[in-house]
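S.K.: Here is how the chains run, residue by residue.
Number of protein chains: 4
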Amino acid sequence: MSKLRVSIVGASGLVGECLIKALLGHPRVELKLLVSEHAAGRAIGELLPALAGECELKTVSATPAEVAQASDVVFCAKKGAETFQWVPALLDGGAKVIDIGGEFRFRDAAVYETWYKEPHACKDLLKQTVWGLPELCREEIRAAKLVGNPGCYVTSAVLALAPFVAQGLVEDAGLIVDSYSGLSGAGRQFNAKLSNLFVDVDENLRAYGVGNHKHTPEIEQGLARAAGRDLKATFVPHLAPLDRGILTTAFARPKPGLTTEKALAALKDFHTPARAPFVRVRAAVGDVNVRDVAFTNYCDVSAQVVERSGQLVVASALDNLVKGAAGQALQNMNLMSGFEETLGLKGRSL
Amino acid sequence: MSKLRVSIVGASGLVGECLIKALLGHPRVELKLLVSEHAAGRAIGELLPALAGECELKTVSATPAEVAQASDVVFCAKKGAETFQWVPALLDGGAKVIDIGGEFRFRDAAVYETWYKEPHACKDLLKQTVWGLPELCREEIRAAKLVGNPGCYVTSAVLALAPFVAQGLVEDAGLIVDSYSGLSGAGRQFNAKLSNLFVDVDENLRAYGVGNHKHTPEIEQGLARAAGRDLKATFVPHLAPLDRGILTTAFARPKPGLTTEKALAALKDFHTPARAPFVRVRAAVGDVNVRDVAFTNYCDVSAQVVERSGQLVVASALDNLVKGAAGQALQNMNLMSGFEETLGLKGRSL
Amino acid sequence: MSKLRVSIVGASGLVGECLIKALLGHPRVELKLLVSEHAAGRAIGELLPALAGECELKTVSATPAEVAQASDVVFCAKKGAETFQWVPALLDGGAKVIDIGGEFRFRDAAVYETWYKEPHACKDLLKQTVWGLPELCREEIRAAKLVGNPGCYVTSAVLALAPFVAQGLVEDAGLIVDSYSGLSGAGRQFNAKLSNLFVDVDENLRAYGVGNHKHTPEIEQGLARAAGRDLKATFVPHLAPLDRGILTTAFARPKPGLTTEKALAALKDFHTPARAPFVRVRAAVGDVNVRDVAFTNYCDVSAQVVERSGQLVVASALDNLVKGAAGQALQNMNLMSGFEETLGLKGRSL
Amino acid sequence: MSKLRVSIVGASGLVGECLIKALLGHPRVELKLLVSEHAAGRAIGELLPALAGECELKTVSATPAEVAQASDVVFCAKKGAETFQWVPALLDGGAKVIDIGGEFRFRDAAVYETWYKEPHACKDLLKQTVWGLPELCREEIRAAKLVGNPGCYVTSAVLALAPFVAQGLVEDAGLIVDSYSGLSGAGRQFNAKLSNLFVDVDENLRAYGVGNHKHTPEIEQGLARAAGRDLKATFVPHLAPLDRGILTTAFARPKPGLTTEKALAALKDFHTPARAPFVRVRAAVGDVNVRDVAFTNYCDVSAQVVERSGQLVVASALDNLVKGAAGQALQNMNLMSGFEETLGLKGRSL
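From first to last, the protein sequence lines stand for chains A, B, C and D. Numbering of the first sequence is given in the working numbering, commencing with residue 1 and proceeding in unit increments. Numbering of the second sequence is given in the working numbering, commencing with residue 1 and proceeding in unit increments. Numbering of the third sequence is given in the working numbering, commencing with residue 1 and proceeding in unit increments. Numbering of the fourth sequence is given in the working numbering, commencing with residue 1 and proceeding in unit increments.
Hints listed in this document are in silico derivations from the structure and should not be mistaken for laboratory results. Watch out, some of these pointers could steer you wrong.
Which copy is meant is left open, because identical chains are indistinguishable; a pair holds if it fits in one copy or across any two.
With a straight-line cut-off of 30 angstroms between C-alpha atoms, the simulated BS3-like cross-links for lysine-lysine are [stated by the list, open to error]:
no. : residue 1 : residue 2
1   : LYS268    : LYS58
2   : LYS145    : LYS78
3   : LYS117    : LYS268
4   : LYS262    : LYS214
5   : LYS117    : LYS262
6   : LYS262    : LYS58
7   : LYS232    : LYS346
8   : LYS78     : LYS346
When you get a sec, could you build the whole thing from the sequences and use the hints?
M.R.: Structure, rendered in structure tokens:
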């Protein structure tokens, strides 16, 4: 069987590293070009020492046309202006593109421009862009040439709340997403910029970006997609002293009659093994553990109705680098390439 | 100046250790008896190696009458039946008592019995018991013979939300307390029982006790005290991989007109330096850091109104062993003994 | 191609979990029986929640004869009396056995009895037992029916020092192995017994077992194997607040003329890619990072001669559950089964 | 009693913060000027949020003459050229100086210039400079006007090995200092420069600076001071994922007859309570825990002779910011000012 030719633009970051690992072990993938402008010509095992012995490739400098010609699928892990330059050129060259950044996650360019505070330079591409959450958009992803891979918090929030808003089990008002993330959620440069030094993060917990985190509108877009109507959510992200993983505790106001039993059934009805092969419904909120999903493409969820105070509590856990980034991107690649959706994503850690 | 004679019953646990440290450095305290039935006769520096060189006392076995006779104030760090045996006997012996456990935190014995699933054996004492949150009950504490020291999560939740429910700035419905705690929040025995092994907690985040955590009714009692009417709250505690500290993110539905500016003003109006010498109002929710309060008796708080989704977000951080236990107990001792409230609690870590 | 039938006795511990993960993704393995006496009949995804969705097997209770009949290779992860009962019966039944515990690591039963303080009940098996460090014993492993899988510290120490004692580059006297391990190095039961609670390990470092750790004689046996003569080593293990990984800093007295350059060459000459496909020689001692080997079967090593003080410093890092246990066991299984040595161990995390 | 007027030059770093905390709670100190050129005019509680409510001072910009005039003792926490400018000017102005950096730790300017790779601009001051390890240099410190406060690793290494080299119990050759440090050991700027991001340090262990760490010659100077003759040591520092604390495991070759019992006696004979009020001799190497010394000025030590391999193993633990920096500086201030040596350092954490 011929192999899918795959390249990565922006290969040397945290997500790039996780992508390379994931692709190296994928049985139907041939890794072609690892593009890294600022570190071209270096052996990948030198740039990312954990990969020494795993990959003989060197990073290269290449034009979009060269990358497109060498590849069936390209993962683009750049930001802003660079993304707007690379993505259309890769598509023009005939490659399918999975964009890891925020530039192609929104149908509405105005939302991007408002929250990312940058003009959107590829508005004409948005019509054909597909938001890459397989549990909600599988068929569109299969047919897509350009997929905007969802944000890590977003995946965690939407997989938790979508079953309830889609099935009309909760009120529209009062959706809350309270999330704690490990530090790998942000890229290395971002970590450096925010001075996420060990001495500031260790033994600490704190919120950040309340009210203006860029994942907020994407969470709302995802919930709107599930509900069929516009929804607002309050999103509060926090940093916790761990490397990988997000735990989201979401709150919603249950409609009359919703019980814990029904809430769990709603999760199972929505996230069937066929529709959500990487979502595991746990028996209780306290059974959702970051440790159980770390280094995997799983997202664990559970729910409980606290009847005395009238709240639905939904928990979800995922690995921000895997189901929150590289693993989900691979899942999208599988769908776009006609492979089995779970190929290279089960039976191994990432 | 004569010194206050102070003893501890249950001296060898995590809170006992923190209490001993705090009392050793208190300028008006003479530490008398450290009672530990199961470890009587051992040098405190042998039992608690961090205290070697700091304290020459040995743990003793003693009757309540002996302890009461030797002491002006006794901290009781026992649970259930032992507490119900010690506390009345200490009071009978003439000592003032600060009880660290849950047995004397509730006015209503039925609440205790429902949530702690044990009969309350000292109902007649509840009338004279004072719940020891100085920011709400200062004058009663000054006059009290028996103080029930508040739970750690409770302190964190009530200091965050009391200003808003007291000043009528939020709806009664929809109060949510989403908290993450370090592992020292539970005693050593409890940690062992729940098998909080390093390999299970490190790099993990998870909820527990949703809907049935014993601090739930105490949070509601505290909020009712502030509001002047009964209130319900949804409380979701979590474990995070750190030793000390609780970060609470609380949510409430703002009444019309509440802005971030007004919310911060409400915090400052309620937690004035005089009424809350250990509460610091930070300029933004993201400025509330567990690291800034660890090993201190401070509780940092801040608030933000997310207007687009209609939620008030309140953050609070404290050290579960200090403001959440031993430090607050010392603050109560100061009040009960006519000392300056902050004596031995500022200018040092604990 | 027919698949190798593989079973695990003692499947529910930390090493068992890592073994199952590793075997599930091995292209030539069919996982047959997961034997767990105390938890028989439970779905593996219920017992080890991280494996939910990955493995439909249930744990079983079975006799050694039944296990042997169903399996070509059996991993035995038991201790003491149970091991002495299982291993000979499995061999009698015709299965090859890889024993994870300490019972079959020594040629000399007296060494086992001295250090493990238990009688050795299978002395007659020791003649055919092979110590399973592929870098030193590859050909014997290929032919073995019973392999004693090396200890985690031992692997780390021997891969660091063997090149130097084998090539006569250091003095026999003065070998020192100073190691720091994450907590997964000990099994869950051992962690519970030693009360390795989070609150005792977090933000702590300490030595343990100095002079009497059971890996001491095995380190010496491995060095003797490499050197061709008996050697003594001082071994000091420590606990560090991490989950996975061992960093060993070994010291030896260089013979005249040994330089850093020659020391690095000695590592490369000994650990050629053919003889040591999972040993990576790093350019400098400071380039040996636990993070680079975590979740992999690699052992990274490097060396430096500090000429002014006359010491050779050798660093090695490995994952105690992978190259220190389950991964190395798989490597041995590959050798014993005629598979490529690296099959199922490269291109994936474990 | 009049108070000692104390100022800090370089107040906004990690050591500065710890110094301020320590000085605020010292009963005989009046904190005068907190000099911070790049952040002058800011409230200390704004610059160091953990100190909000503890200290009303603002950082100032001031000349050395102004600082000297306002102060009896000045702590100088600068480096290189700035130190060489400040220290002589402060002394000229009549203040006593405790220098926290490396500039005044060596008797021999050539050692400084070789290891710090900078010219020493104040060679004439070195004759009157006293190296500030109280356990070795108490009487000189009492009389000193300028004290060079020892390095954190150095304190840990010298307190461990000095008893043995001083009492002639070990060979001169073969001294090894293998140390693991938390991240607060380096200043915030240094952490940023080395990119000690959480994602690089968490779950990692690694060596650095082998053979060229600046503390190497200072360790040797300290051991020479104790032994009365020049000594060499091999020093290997490592980073471990914790905030505060150093654990040193030191090795030496015992002279004939040295047993564990005698080694422990040697520690006790050398570190008597009178000569070493902050050194605690623990019963076993495994009883030396970083957690027991964190946030205190104690250094815990113990020793064991491993007779079968002929090595003395000595363990020591201290808090790099306290006994390794700010606490030891306060101890020196006490000695230089005629206060009790332990004043403000016992009965509290720092």
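S.K.: Could you place LYS268 and LYS58 in one of the four classes (within, between, both, neither) given a Cα distance threshold of 30 angstroms?
M.R.: between (45 angstroms within a copy, 22 angstroms between copies)
S.K.: Go through the copies and call it for LYS117 and LYS262: within, between, both or neither, with a Cα cutoff of 30 angstroms.
M.R.: Between copies only: 28 angstroms across, 41 angstroms inside.
S.K.: Please sort LYS232 with LYS346 into within, between, both or neither, judging by C-alpha distance up to 30 angstroms.
M.R.: neither (34 angstroms within a copy, 44 angstroms between copies)
S.K.: Are the CA atoms of LYS145 and LYS78 at most 30 angstroms apart within a copy, between copies, both, or neither?
M.R.: within (18 angstroms within a copy, 53 angstroms between copies)
S.K.: First find the shortest C-alpha distance between LYS117 and LYS268 inside one copy, then the shortest across copies, and answer within, between, both or neither for a cut-off of 30 angstroms.
M.R.: neither (38 angstroms within a copy, 33 angstroms between copies)
S.K.: Within a copy, between copies, both or neither: where do LYS78 and LYS346 come within 30 angstroms Cα-Cα?
M.R.: Answer is both; intra-copy 27 angstroms and inter-copy 28 angstroms each pass.
S.K.: Could you figure out if LYS262 and LYS214 sit no more than 30 angstroms apart (CA to CA) within one copy, between two copies, both or neither?
M.R.: So LYS262 and LYS214 pass the 30 angstroms test across copies only (25 angstroms; inside, 33 angstroms).
S.K.: Tell me, please, which holds for LYS262 and LYS58 at an alpha-carbon limit of 30 angstroms: within, between, both or neither?
M.R.: Answer is between: at 28 angstroms across copies they meet the 30 angstroms cutoff, but 53 angstroms inside does not.
Violation of the numbered hints given earlier is confined to hints 3 and 7; the remaining hints are satisfied by the structure.
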